[in-house]
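Engineer: Residues per chain, in single letters:
There are 6 protein chains.
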Amino acid sequence: MKNTTAVYPGTFDPFTRGHEDLVRRAVDMFDRIIVAVAASAGKGPLFSLDERVDIIAEVLQEFADRIEVTPFTGLLADFAHRRGANVMVRGLRAVTDFEYEMQMASINRKLAPDLETVFFTPTEQYTFLSASVVREIARFGGDVSAFVHPTVIARLQRKF
Amino acid sequence: MKNTTAVYPGTFDPFTRGHEDLVRRAVDMFDRIIVAVAASAGKGPLFSLDERVDIIAEVLQEFADRIEVTPFTGLLADFAHRRGANVMVRGLRAVTDFEYEMQMASINRKLAPDLETVFFTPTEQYTFLSASVVREIARFGGDVSAFVHPTVIARLQRKF
Amino acid sequence: MKNTTAVYPGTFDPFTRGHEDLVRRAVDMFDRIIVAVAASAGKGPLFSLDERVDIIAEVLQEFADRIEVTPFTGLLADFAHRRGANVMVRGLRAVTDFEYEMQMASINRKLAPDLETVFFTPTEQYTFLSASVVREIARFGGDVSAFVHPTVIARLQRKF
Amino acid sequence: MKNTTAVYPGTFDPFTRGHEDLVRRAVDMFDRIIVAVAASAGKGPLFSLDERVDIIAEVLQEFADRIEVTPFTGLLADFAHRRGANVMVRGLRAVTDFEYEMQMASINRKLAPDLETVFFTPTEQYTFLSASVVREIARFGGDVSAFVHPTVIARLQRKF
Amino acid sequence: MKNTTAVYPGTFDPFTRGHEDLVRRAVDMFDRIIVAVAASAGKGPLFSLDERVDIIAEVLQEFADRIEVTPFTGLLADFAHRRGANVMVRGLRAVTDFEYEMQMASINRKLAPDLETVFFTPTEQYTFLSASVVREIARFGGDVSAFVHPTVIARLQRKF
Amino acid sequence: MKNTTAVYPGTFDPFTRGHEDLVRRAVDMFDRIIVAVAASAGKGPLFSLDERVDIIAEVLQEFADRIEVTPFTGLLADFAHRRGANVMVRGLRAVTDFEYEMQMASINRKLAPDLETVFFTPTEQYTFLSASVVREIARFGGDVSAFVHPTVIARLQRKF
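Protein chains in written order, with this note's numbering: chain A, 1 to 160; chain B, 1 to 160; chain C, 1 to 160; chain D, 1 to 160; chain E, 1 to 160; chain F, 1 to 160.
Hints are computed from structural coordinates only; laboratory data are not their basis.
Wrong hints could be hidden among the right ones.
Which copy? The list can't say, so a pair holds if one copy fits it or any two copies do.
Said to hold, decoys possible - Taking lysine to aspartate or glutamate and the DMTMM-like style, the derived pairs with C-alpha atoms no more than 25 angstroms apart in a straight line are:
1. LYS159 <-> GLU99
2. LYS110 <-> GLU99
3. LYS159 <-> ASP28
4. LYS159 <-> ASP31
5. LYS159 <-> ASP65
6. LYS110 <-> ASP54
7. LYS159 <-> ASP114
8. LYS159 <-> ASP97
9. LYS159 <-> GLU101
10. LYS110 <-> GLU51
11. LYS110 <-> ASP65
12. LYS159 <-> GLU124
13. LYS110 <-> ASP50
14. LYS159 <-> GLU51
15. LYS110 <-> ASP97
Owing to the predicted nature of the structure, the values given are computational and were not obtained by experimental measurement.
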């Protein structure tokens with residue numbers, strides 16, 4: 001039997017139903033998953049890095065024995081190597097995603113030849129869902145309950 | 001530990017270095033791989049279905065204990081179900097591929113909810129390689145040795 | 001108030017839940033819709049042209065006062081002109097669709113300057129649905145009840 | 001006869017010949033059009049929000065009885081609902097546009113089920129025209145008279 | 001000074017205003033251009049290979065000292081090598097084109113390392129023009145005078 | 001014989017093996033190439049404009065008689081015109097590139113009708129290489145020696 005550790009990196013600001021859907025699909029394929037939460041590239045994230053790690057751990061608590069949620073900085077290839085991951089998991093929704101992901105998979109293959117990138121596609125209902133859109137709707141006070149877990153809603157309500 | 005059986009379907013007319021590269025990437029991620037060879041949709045395939053199964057088995061013989069090569073007809077979702085596969089493996093090279101693959105992954109999810117599709121991307125040197133181009137070059141007597149395994153070359157020479 | 005007649009052309013082999021969804025979206029925007037059913041370009045259509053016209057009329061019978069279903073041949077621009085249509089309605093699902101549709105909209109604008117093409121997008125659950133996939137599943141005896149109206153299912157059962 | 005109010009949202013910094021072309025195509029299809037001008041996301045817009053509203057009203061003054069030009073903030077779905085719009089009008093030029101637009105149409109459908117998004121495509125001569133390119137050329141003092149209405153040119157000359 | 005011979009391959013069934021536009025752009029960049037006309041892949045071409053060679057020669061007769069029009073079969077890389085061409089010229093209109101062209105350029109680079117592929121883009125008015133659409137309109141008796149040279153029109157009239 | 005001067009514009013922060021590959025392909029096709037280095041749009045470039053000009057001149061010194069490296073500001077069409085260039089050279093890697101490049105080629109054709117844009121595609125090994133990715137890896141102290149010339153490496157080491 002294989003021993004596979006997959007890293008699933010992202011900013012997850014916020015963690016959407018689409019991210020959650022991907023983890024639920026991947027959890028039976030790998031022995032262990034590390035959700036690696038990156039600092040936000042944009043100026044004003046909706047949630048701080050710590051809040052995001054907390055939220056994801058709460059949403060995925062039923063898998064706590066197999067899924068670890070942790071912040072990371074630096075190069076993903078280095079992080080994966082340090083943590084013994086041999087698989088990188090990414091979601092693919094759109095053509096624009098696709099080209100960026102092809103580029104990153106190619107670069108990571110050069111930086112970390114033992115780390116293989118595999119892609120999952122979301123259920124249709126999450127095909128057009130993105131964290132940036134959820135963020136924008138939340139900032140205008142719109143209803144995002146169809147897009148995120150109740151844990152995220154509760155945190156948002158404390159914020160606004 | 002997981003028990004994962006992946007099906008890798010295709011026409012493989014011929015099996016290229018790109019297909020081979022994908023199998024070599026996937027072989028350590030899953031417990032077992034079934035290479036499922038479909039009848040060719042086009043009129044004049046380069047190799048018959050039997051020849052293609054033979055060629056692939058020969059190219060992948062070092063993995064004979066973990067990889068099975070077999071012809072299939074009918075719906076892939078049914079085939080995967082009968083064979084106990086829980087993963088479908090596909091290669092992604094280009095945007096045009098991508099949309100067709102998204103469509104098939106979505107349809108297969110409806111037909112076989114337990115079968116999860118995951119995508120691999122090829123090494124750059126195989127990004128622009130396709131079986132149809134190899135077929136065309138071979139028919140005009142061009143040199144395809146950079147694109148296929150020596151086993152395929154030997155079979156082609158017997159043909160022409 | 002405007003007086004708008006929209007033509008919605010297609011092969012509709014078969015008419016899917018995606019096509020039906022589009023018509024339901026368009027029916028309140030235009031005064032009248034003509035569903036124009038083209039002869040199939042492929043060799044073996046699932047349903048004959050007459051059968052397809054019948055099926056669509058049956059599926060859309062609740063709108064019979066505002067929607068006409070009719071076969072057509074020749075240039076769409078000519079057909080639209082003869083029938084007094086000033087709008088062409090098309091569905092957009094994928095990037096590959098998109099470029100073909102841009103091309104056709106551009107050509108039709110040259111052939112029929114008074115005919116304006118507008119595009120609708122399907123509900124997510126139909127984003128990856130296409131008549132060709134339904135056709136293929138039906139031919140292998142797979143279950144297509146999630147993709148088409150019961151009228152189509154009934155007709156298929158009489159066929160196979 | 002239908003009673004259709006369409007909202008056409010955008011930043012319009014500046015309003016180009018492509019935007020104008022779209023409005024001229026849409027004006028005969030809907031009873032009323034609201035051009036909804038958003039605050040610019042970027043730091044230094046070419047024209048202030050007020051200037052943009054003025055310019056567009058001037059360019060479209062021949063349709064003043066059927067077209068309203070107004071600033072808006074907040075969620076577009078809310079704005080459309082408050083104003084009784086049942087159609088959202090968007091232009092589609094390129095594949096990159098297309099995916100973003102599919103995403104927004106999908107999200108808006110969830111936020112406002114009664115608001116239907118339809119897409120128009122520009123005349124070929126405006127296919128590659130974008131407000132950001134016009135802005136860049138204008139800033140370097142290049143000639144933008146092929147890309148915008150004389151009203152915009154006049155305003156630019158007062159600026160530089 | 002460079003000595004450049006460019007080959008411009010295609011089926012050209014028929015030679016459109018878009019093809020002509022590309023040649024007019026390329027003629028001043030290279031010392032010599034060989035328009036290489038391929039046998040049609042489809043069953044029923046509009047014009048025979050000989051007719052197509054004649055038509056193109058007639059349309060481009062003003063450049064007869066620098067442009068040669070000739071049929072070709074077999075591998076393009078071999079043809080280019082035999083004729084001493086060091087440049088391959090291709091037109092790019094759409095994303096779908098683009099991926100196929102990337103693939104061919106990559107394969108040809110492997111088969112003929114001295115042959116460099118360069119791409120031209122058409123004037124906007126020809127962005128959505130394709131030989132297959134012209135062929136379809138011509139077959140239905142539609143007006144193609146905006147899309148092809150009068151020479152092609154004259155030939156079509158003799159045909160129908 | 002033609003007299004062709006090509007301008008190859010870019011930010012080149014840093015100049016990658018992909019940029020270098022393109023110049024080596026283009027150098028035999030044109031009489032003269034001007035590498036036009038633009039000020040970086042982003043806030044913190046890896047190298048200053050002067051450094052970038054120096055690096056590129058050093059990397060391409062073997063072609064010093066035919067290639068000039070120079071900074072530029074303002075509109076590219078104006079720059080090309082002032083310098084007597086009749087060709088603009090651009091690299092095409094991905095679909096996302098492609099649409100932006102089509103737009104720029106179209107706009108530049110309007111601003112400078114005598115300047116023809118031609119596109120080159122990179123060797124596969126550089127298909128997924130971009131300056132922004134190199135920049136990011138370099139900032140995290142990752143190994144970029146597969147992606148840039150030793151000259152760039154030496155400069156980076158002096159920096160960090």
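Engineer: Run every hint past the structure and note whether it holds.
Structural biologist: Going down the list of hints, with the structure as the test:
Taking identical chains as interchangeable, the C-alpha atoms of LYS159 and GLU99 are never at most 25 angstroms apart, the minima being 35 angstroms within one chain and 31 angstroms between chains. Both within a single protomer and between protomers do LYS110 and GLU99 lie at most 25 angstroms apart by alpha-carbon distance, with minima of 17 angstroms and 24 angstroms respectively. Neither within a single protomer nor between protomers do LYS159 and ASP28 lie at most 25 angstroms apart by alpha-carbon distance, with minima of 35 angstroms and 40 angstroms respectively. Within a single copy, LYS159 and ASP31 get their C-alpha atoms no closer than 36 angstroms, and across copies no closer than 42 angstroms, so neither meets the 25 angstroms cut-off.
In this assembly of identical chains, LYS159 and ASP65 lie within 25 angstroms of each other by CA distance neither inside one copy nor across copies; the values are 30 angstroms within and 44 angstroms between. For the homomeric pair LYS110 and ASP54, neither the shortest alpha-carbon distance inside one copy (33 angstroms) nor that between copies (28 angstroms) is at most 25 angstroms. Taking CA atoms no more than 25 angstroms apart as the test, LYS159 paired with ASP114 passes in neither setting, with 42 angstroms inside one copy and 30 angstroms between copies. Taking CA atoms no more than 25 angstroms apart as the test, LYS159 paired with ASP97 passes in neither setting, with 30 angstroms inside one copy and 33 angstroms between copies.
Taking CA atoms no more than 25 angstroms apart as the test, LYS159 paired with GLU101 passes in neither setting, with 33 angstroms inside one copy and 29 angstroms between copies. Within a single copy, LYS110 and GLU51 get their C-alpha atoms no closer than 33 angstroms, and across copies no closer than 27 angstroms, so neither meets the 25 angstroms cut-off. In the homo-oligomer, the alpha carbons of LYS110 and ASP65 never lie at most 25 angstroms apart, since the shortest distance is 32 angstroms inside one protomer and 30 angstroms across protomers. For a Cα distance limit of 25 angstroms, the shortest separation of LYS159 from GLU124 qualifies neither inside one copy, at 30 angstroms, nor across copies, at 31 angstroms.
With identical chains, the CA atoms of LYS110 and ASP50 are never at most 25 angstroms apart, being 31 angstroms at best within one copy and 30 angstroms at best between copies. Taking the shortest Cα distances, LYS159 and GLU51 sit within 25 angstroms of each other inside one copy (11 angstroms), while across copies they are farther apart (35 angstroms). In this assembly of identical chains, LYS110 and ASP97 lie within 25 angstroms of each other by CA distance both inside one copy and across copies; the values are 20 angstroms within and 22 angstroms between.
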